[in-house]
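S.K.: Since each chain sits alone in its own frame, please combine them into the complex, following the hints.
Sequences listed follow chains A and B, in order. Residues in the first sequence are numbered consecutively from 1, following this note's numbering. Residues in the second sequence are numbered consecutively from 1, following this note's numbering.
Hints are computed from structural coordinates only; laboratory data are not their basis. Certain hints may be false.
Said to hold, decoys possible - One-sided and incomplete, this derived list gives chain A residues near chain B with beta-carbon spacing under 8 Å: (1) F42; (2) F45; (3) P46; (4) P87; (5) A88; (6) F118; (7) F122; (8) I183; (9) M225; (10) K263.
Note that this is a predicted model, so its numbers are computed, not measured. All residues carry an ideal CB built from backbone N, CA and C; glycine is no exception.
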Amino acid sequence: MNEKRFHKRSLFLIAYIIFALLPIYWMVNMSFKTNAEILSSFSFFPQQFTWDNYRTIFTDPSWYSGYINSLIYVAINTVISITVALPAAYAFSRYSFIGDKHVFFWLLTNRMTPPAVFLLPFFQLYTTVGLMDTHIAVALAHLLFNVPLAVWILEGFMSGIPREIDETAYIDGYSFPRFFIRIFLPLIKAGVGVAAFFCFMFSWVELLLARTLTSVNAKPIVATMTRTVSASGMDWATLAAAGVLTIVPGAIVIWFVRHYIAKGFAMGRV
Amino acid sequence: MSTTTKPVNQKAWLLVLPVIICVAFSAILPLMTVVNYSVQDIISPERRVFVGTEWFAAVMRDEDLHAALWRQLTFSFAVLAVEVPLGIALALSMPSQGWKSSAVLVLVALSLLIPWNVVGTIWQIYGRADIGLMGMLLQKMGFDYSYTGNALHAWITVLVMDVWHWTPLVALLCYAGLRSIPDAYYQAARIDGASKFAVFRYIQLPKMRGVLMIAVLLRFMDSFMIYTEPFVLTGGGPGNATTFLSQYLTQKAVGQFDLGPAAAFSLIYFLIILLLCFILYNWMQRVGTQTKEVTS
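Bound-form chain B, shown alone (with noise of 0.2 Å):
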């Protein structure tokens, strides 16, 4: 949102309500069974003992949530580092009009219309070495390559097929802020003899900043909660490599059934999405604020 002055005005309130009941309808009650859950020792439906924060003093002190709690930071600033720059690449080299874009458009978005279990299991037969595509191909290439023996092959899989699951999204996006950019900008910057590197740098960047931030929080905040697709391409494994945090909760949660410290395990998992989106959302604000008083 922009900061430009906007008329005070409260009624506003009732034009936002809509949205409030509609969303705090699924959120807030499930939200406080959650809270309830995570402060409770449940053991029958019938007999349940208070305990405090006990259970959130045990999940900090889980060892192996720490692991995952690493493995998914690194997942998902890779994630971000190889998705961004590449839909940007692929936003700046697509074209900009006639039935080649509307082409290139749709054969662009299709993975990410892709139910996440079908890519799941599209990419578990595509890695496999004897009837998949890659497999086939890396094992012809020299490369022992098995997604399910090897933990490196298998995590670098998981981050291929996000990369693949989800580029077309930051291009997407992209794409439409590039679109908006009228001629004239470009022409004012052949007058000027700016170079290819400045024109992206003081006109198409900027430009895309309001959507490249939508691009960048939906994927840091749904790689880290990624769950459907490792889940069904490799189960976690091989040992831990692919249990990333939800996967690792949901061990939790659905397999010991410890739904005290499964919950409380959620609320700090909830709590560490919402404080890295929030420091992300204000520092691509800064980051955008200082750019526009350059370009002006």
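Bound-form chain A, shown alone (with noise of 0.2 Å):
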């Protein structure tokens, strides 16, 4: 019975891992032929084997400035919104104060405005302000919707260490601050890992308000993939190439999360 159950679970986990590396492995055969083979023939491996679309990446500024980019201001967006969702998620955890939960869903409305029309604002803003084309305008701009999702996690993981904890250590004499470095943030740890891990995600996936913050200084390697449309057609091959390259940041990121994961978290007082 036990041994049945296991492996009708094994087999439906293995059907859906083909069914999600199938595309991925498929661009992954795509980036290593010619864009002569991939428009000519269905072939299961490369068959004139190449690394030439990668050698392009890693050599051509235009290209690999993009990843550097990309990689800047998901750096500087995950650091602010981890450092500002902290204390906010402490504050919605322990405490209630005048309108804490019309702030809270306040905070969240802001990952529900479609884009579309919201760009020309954003654009005039950073405009003049003075940011256009930088890291920092990105960063910022991402924040928008990253800073409620870190909120939401952390205080998740937060209503989770019982308030006696607190209670011991400001009795003991510890001052705020020091309580939160020394005690607090060690106890949710995970959650920081996690919240990190999302916040890094849904910056680096973005698109349209990364391409349309930046031009040439800080443009990410999102926007560069949609400039390879070129006279002699789609270029496949080095598109399939800097696809598979998009993944490598964040799976390193979800290998150093993983435990956090695997460890488990139910949000909210348990």
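M.R.: Structure below.
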């Protein structure tokens, strides 16, 4: 009985993983082909195996600087998101204050603005304050959807920590900042990891705001990838190689936070 | 947020202030600008005429918009109907420890980390009958599959792409929720002779409530604003089959450069998402607390 159940579950999992990996495999496959081969024939493996597409990306500054720019603004965004979200999440999880529920829901509403028309005001705003085409502009704009999520996740983790811990620390004479950094932060380490992963992910994959707020100096990789349509048609091979490389940083980040996810979190008091 | 008694402390506002400043910087001014556009006829940057609620009335009467809205609602609820059960099932079948769990976590999460325009590009090739794996296989199996020619195929392809792209989000969150259940709960259930379904219904599901709420709301908002992936894959076609709200809005705002109506449209759009999220949020919180009462 147990054995059979195990099999059914594993089969389902394996089927899903195949479904999940096939499109990615197809991209990896394409990234080792030449454009001519991609468009002329169907094959499971590259017939004329080539590293050229990756070589193009690693030697052409207009390609690799895209990765650097993206990593810079994603890192800035993640650090700011977590830094401002930590005290706010603590406030929401520990105290009631006038308008707390409203502020919490208002924060979430900022994830709900349809981008198309908001892009122009963003452009105007960031031009006015002189931040256009800087990493900080994209990082600030992405706070809009990352901070609410970070607050929500961290609040969930913090609510799982009993309030007696805070009270004991205050009785022992800890000041709030010292308590927060020395005692509280280590307790919610997993929450910080998970929140950082989500901030990283949503900032890394966002295209519209990042493209609108940058032109040359801070141009992210996602925007670089939209300009591969040239006179000779789509440059599928380079695009595929660039796509494969966009997965790498995220895969590294998820590798670091996997233990936090596997340890489990239920969000909210349990 | 839970409603158990917390000490009242107005100074907590100081802790929330940095978040409000950060978010308001990017939220309030653009929103006010859009409100400003929505009540004016912008003929040129110098010539603007105040038109009151005219654009709102026009948008409300727009037949194409109604069609796009229904298409959007159908799509978003289809997304939830497929991704939430699939994500939960996936989370239940993922191994709980050892190297296998690490490997599975990373493999499952991969599709989340691909930029959205790349997702569209992958599926564009993947679904092509001549050079793409999926298109080829479907042709071999005897389907006359074409996501560029057949409206239904296009719609399903966008849905499958979204399922592929986002089910891992639901799965990862649910997985984390499941891992937080202490072994003692399962032991108690075994002693009581609880069925597998009972374990799911009264132990696992309530414990996943918090994370499921995040998953459902995120999936709902994001699918309601889906733009980049179908734009790259189908461009909204064939016909209007995959022209969802964002796509339609962009056509209006950028294509026809009707800033006033487009702004009025965005505000209505925003209010629809807000309303639906508010209903979902409150509903899930109520359902959750009722479940808790049953179990305790």
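S.K.: Evaluate each hint against the coordinates.
M.R.: Hint check:
With a cut of 8 Å, the hint placing F42/A at the interface with chain B holds, because the nearest CB-to-CB distance is about 5 Å. A hinted interface residue such as F45/A counts as satisfied when its beta carbon comes closer than 8 Å to some beta carbon of chain B; here the least separation is about 12 Å, so the hint is violated. Because the smallest distance between the Cβ of P46/A and any Cβ of chain B comes to about 13 Å, over 8 Å, the interface hint for this residue is violated. At a threshold of 8 Å, the smallest CB-CB gap from P87/A to chain B is about 4 Å, leaving the interface hint in force.
Using the Cβ-Cβ criterion of 8 Å, the hint placing A88/A at the interface with chain B is satisfied: the shortest such distance is roughly 4 Å. Hint status for F118/A: holds, given a least beta-carbon distance of 5 Å to chain B, under 8 Å. Using the Cβ-Cβ criterion of 8 Å, the hint placing F122/A at the interface with chain B is satisfied: the shortest such distance is roughly 5 Å. With 8 Å as the threshold, the beta carbon of I183/A stays out of range of chain B, its nearest partner Cβ sitting at about 17 Å, so the hint is violated.
Taking 8 Å as the C-beta cut-off, the interface hint given for M225/A holds, the closest approach to chain B being about 6 Å. Interface restraint check: K263/A against chain B, minimum CB-CB distance 6 Å, threshold 8 Å, status holds.
Hints 2, 3 and 8, counting from the list given before, are not met by this structure.
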